[in-house]
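**Q** Please assemble the complex out of the two chains, which come individually in their own frames, going by the hints.
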Amino acid sequence: MSELEWGSKIYLEMWLGGMAGGAYFSAFLFERFTGETDKRLLRMATFLAIPLIAAALLLALLDLANMFNFWRILVAFQPLSPVWVGVWLLQPFIGIAVIMAVLWIVENRMAERASLNLRRIIDVLSWINFVVAGVLMAYSGVLLSGTNVPEWASTPLLSPVFVAVGVSTGVALLVFTALAYRGKWEIQSQMVSRLAGILPVLMVIQLALLGGYLFMLSGSPMLGTDEALNIITTGSLAIPFWISVAAFLVSIGLIVSTRGKEIKKTAVRSSIILSSVCVILGGLLLRAIIIISGQM
Amino acid sequence: MSKAVLFDGPGCIGCRACEDACKKKYNLPAIEITGATNLPAEPTTNQKTYTHPAELSAYTWIKVRITEIDDAKGFRTVHILRKCMHCIHPACVAACPVGALTKNPDGATIYDDNKCIGCRYCMAACPFGVPTYEWDKPIPFIRKCIFCPDLLAEGKPPACVAACAKRTKCITIGEREEQLAKGRKMIADSKGKGERGGDKYVDHIYGEHEVGGTNWLYLSEEPFEASGLRTFDSKILPANFNKVSWGGNWGELSSFSTESVPVNAERAMLAVPFVLPGVAIVMSGLYWVFKRKDKLSQENAGKNDKKGMTK
Chain A
19 MSELEWGSKI YLEMWLGGMA GGAYFSAFLF ERFTGETDKR LLRMATFLAI PLIAAALLLA
79 LLDLANMFNF WRILVAFQPL SPVWVGVWLL QPFIGIAVIM AVLWIVENRM AERASLNLRR
139 IIDVLSWINF VVAGVLMAYS GVLLSGTNVP EWASTPLLSP VFVAVGVSTG VALLVFTALA
199 YRGKWEIQSQ MVSRLAGILP VLMVIQLALL GGYLFMLSGS PMLGTDEALN IITTGSLAIP
259 FWISVAAFLV SIGLIVSTRG KEIKKTAVRS SIILSSVCVI LGGLLLRAII IISGQM
Chain B
264 MSKAVLFDGP GCIGCRACED ACKKKYNLPA IEITGATNLP AEPTTNQKTY THPAELSAYT
324 WIKVRITEID DAKGFRTVHI LRKCMHCIHP ACVAACPVGA LTKNPDGATI YDDNKCIGCR
384 YCMAACPFGV PTYEWDKPIP FIRKCIFCPD LLAEGKPPAC VAACAKRTKC ITIGEREEQL
444 AKGRKMIADS KGKGERGGDK YVDHIYGEHE VGGTNWLYLS EEPFEASGLR TFDSKILPAN
504 FNKVSWGGNW GELSSFSTES VPVNAERAML AVPFVLPGVA IVMSGLYWVF KRKDKLSQEN
564 AGKNDKKGMT K
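If you read the protein sequences in the order shown, they are chains A and B. Throughout the first sequence, residue numbering follows this note's numbering, covering 19 to 314 in sequence. Throughout the second sequence, residue numbering follows this note's numbering, covering 264 to 574 in sequence.
With the rest of the complex left out, here is chain B (with noise of 0.2 Å):
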């Protein structure tokens, strides 16, 4: 059964022990502010809050994003993570051309360094942006998170979800249906139960049908655009773009927001056969009217030819 883990971000006190028990557990060194290590120093950055380091790397591989609102309803955070959503069908594992990365039946998206070439692929097919690159290495790998395989082989929670459940258990692993239930419920009893008399949380789970859905679902009290996450109804396309025919593919975009994202390629690939005839047409077009244009330019010679002889 594929396992899931539930992020509650309202119960976020942002005290970051998922990300030092990752790196604990990974070994990962921390990204100095003054370059004090040999890692490039990574100045704080002001990403709608002070946090540091600003984004995921190749030595941070889960972050707590927090984000500052101000407006009509007053100056609020709102905490979420940055980190492998753990696709149920991820675009990494189906670009990846050597197979470099798989999808364990237990939820995980896992990555093999021995057979990575270093191609990149996986990080430009990623819908999150999540995959990074070990650019400070001679021999570099792809470094993201990898849902801790050997821990969920033995039946322990990953690290991050140990770490949390020692302090405010807003992380909490499960089988996936039982985890969309226990957000849906957590949603429905939440109703007008929120800091500032609204709902807790917004009525999505996010992860839920996103790229046809994640092992990692996250619950907000804000929209999840507020915290810089990507989501996919924004990315429906025009409603007459189904009446362009590709093939018969392309239409299928509009409903892009549930799709896996691996149909991209897919997609790419099935309108090749139609491309190429396509293009074969064309030439063969140019060359029949050109072809006419000279049989008729030497016919009028000829015609003129035979008018001057008979002249």
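Just chain A, with the same shape it has in the complex (with noise of 0.2 Å):
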């Protein structure tokens, strides 16, 4: 199994796809939530998921061995093969997502009774998208839980984590690119927030899930996956996981200390900012931990 060869590429394809996933699929539901309609957050997550499926597809690309045989997944009809799937969940989000961009472009620079019909495109469109958002998040953890690989195959859990840490990591995303942006789409204060006030909560839900899919490990039967929880959590990956969990409970903290607090003061914006750093990035390391193992 260790000449599968899964390496960086997979790992960082996975956490860019989840990540610009998670952003659009929580900033659409966010701005359904909250009744915003000037769209501001779907638009930042839209405009960030373009190259961040753009790096996530051009890996995937650059993973394969025989990269020039790739249009034939195009023509190909494979529906119960997981990367397929994946291929043809990419594309018409990516496809979308810069029709959309287009459409805002030009909806600015048309007259407000014009814009109305482009707007109700975008907004089909973004429907569209969101669906499309949800299932590109799960797709990564589908793709290894149809694998023989014990980590990966042996419980259910593996798949809602990936869609966990897609969230999380979406939301960090928004968080960061929110209080980093200054311009004409700027996104209120108290929408950041807000949408930092749920990192805390999506964090705890993230643990919680990674918790399951241990103690699954550890109960399952499953040929290897014994060794595989050893390796993770006491092995030669030990190191990094516990970081990634100790950066999760980091940003945990760190969110939490600023309940209540004005956004716009340094101190704030700078404990926001890192606790979103914390969950970029622990969730990254998950995602590579998780991969790595598999091949161990």
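Just so you know, the hints here were simulated from the structure itself, not pulled from any lab data. There's no promise every hint is true.
Some chain B residues close to chain A (C-beta under 8 Å, calculated; not the full set) [unchecked claim]:
hint	residue
1	Ala284
2	Lys378
3	Tyr550
We put the CB at the ideal spot given by N, CA and C, even for glycine.
**A** Here it is as structure tokens:
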């Protein structure tokens, strides 16, 4: 199995794809709930998702040993293959996101009345991409669960763990960008504060799912799962694993410490930015650990 | 009709003529111990016995694995074949995103170089860890036993079977049902006829039910785990796992021992529609909690303001 050689390109691809999907998915839901009509957050998520998905596609392509045969995926119909499904999710997602971005730019230059129709089109497209983004987040977990590698296939919780990582890293990316971005479509500080307030809860859910995944790994009679659990928690991958867990805990602490405080204060902003970075990098580390451990 | 090969483990003397025939037919180089060729050197290692090469590779598609057992019954060796089992429902075929791997009606799981994109997902999907990769080549491909489809099409036996037929005849080919019947008869006839007074064969045809059945079937005098073969009975999930409600699909995992492997991916994909609304519900719940909290704190602040005004 060590010959499989799924390395940094694969876990970076999954991390970027999951984060892009998570950012879009969360922004869409958040705007629906808050009743925001100017779609600033969704716009930000879409503009962030385009380069992230493009980079993920490029990494996936570079990992292929015979990349010039890639076009064959486009003419094949293999709905039982998670790789095929994944490619067919990434493409419509980025395609729709690009169309939405272009329409937003055009809309910005049009008269109010004329832009109404464009907004309707964007609305329909945003719903389609919401569904695609959700499936995109789950896809990397599905891809691994569909194998015969004990660490990946022995519990049904890997896909939910990866969805949780996708959502949390996506929200963290939105928070980070919203705090860093100053421009025409700047996100209101109250909105950023609310978004950041979700992070600790997402972290708790993510840690609970991760705990459940490891617990199921320990209880699984599938050959090799005990060994995998040892590698992750006490073996050669223990240090990065516990660093990622510590990063998630630190991010919770940082956000909780800013509760009720004015977001415009530098110390508060720094804490939230640091918390977002912890979530984003912790998510990368966790994905890398799970993918590497399956090949050891 | 689907062909099947029956391997009689106790009948194998480890001459490795099958390995030799396969290498000759497909022009596969020998793996040097010292690295005399341009292929990576592979020192002989003890895999419960000294054999070379130790495992399957892009240049070794069939291998006689000889395992030494030394216990209370005494010292003995067990022979088993390491190669593609040609599953009836191959996981590699289902996993391949471009259809480079296909299953022929005659039972062979074949591979098309021209279609392969090199994602290696088939390697991760195979329950037997068989497909290997030509990592030493600039444009590598997947390599594994392809059941000599050209010979099968001509009605001839695969190269390894033909080579064995000239020696011990422990590898034979026929229709799958016939081979199963033959294997069952061999097991029944061998009761009490083992070298050490026991049965000659364990009462199990490896490949009859494993992963939904395979086109290569094995008989052995020792439990198959002793030869390092993955046994699927050991993958059964805890009994209470059936009670876990997961879209109604995961509960079926308890009968995994006889299920074909592609259901793995199918189940994982079917779980997605149940996971996503779950995430949306959790996030909606979170939003509701926060909104209510904001509303209550605003109401409290309003009340406090009113109190302050009246005072």
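**Q** With reference to the structure, classify each hint as holding or not holding.
**A** Hint by hint, here is what the structure shows:
1. Ala284: Since the shortest Cβ distance to chain A is 25 Å, the answer is violated.
2. Lys378: At 6 Å from the nearest chain A Cβ, B/Lys378 passes the 8 Å test, so the hint holds.
3. Tyr550: This hint holds: B/Tyr550 lies near chain A, its Cβ roughly 4 Å from the closest one there, short of 8 Å.
Hint 1 alone, counting from the list given before, is not met by this structure.
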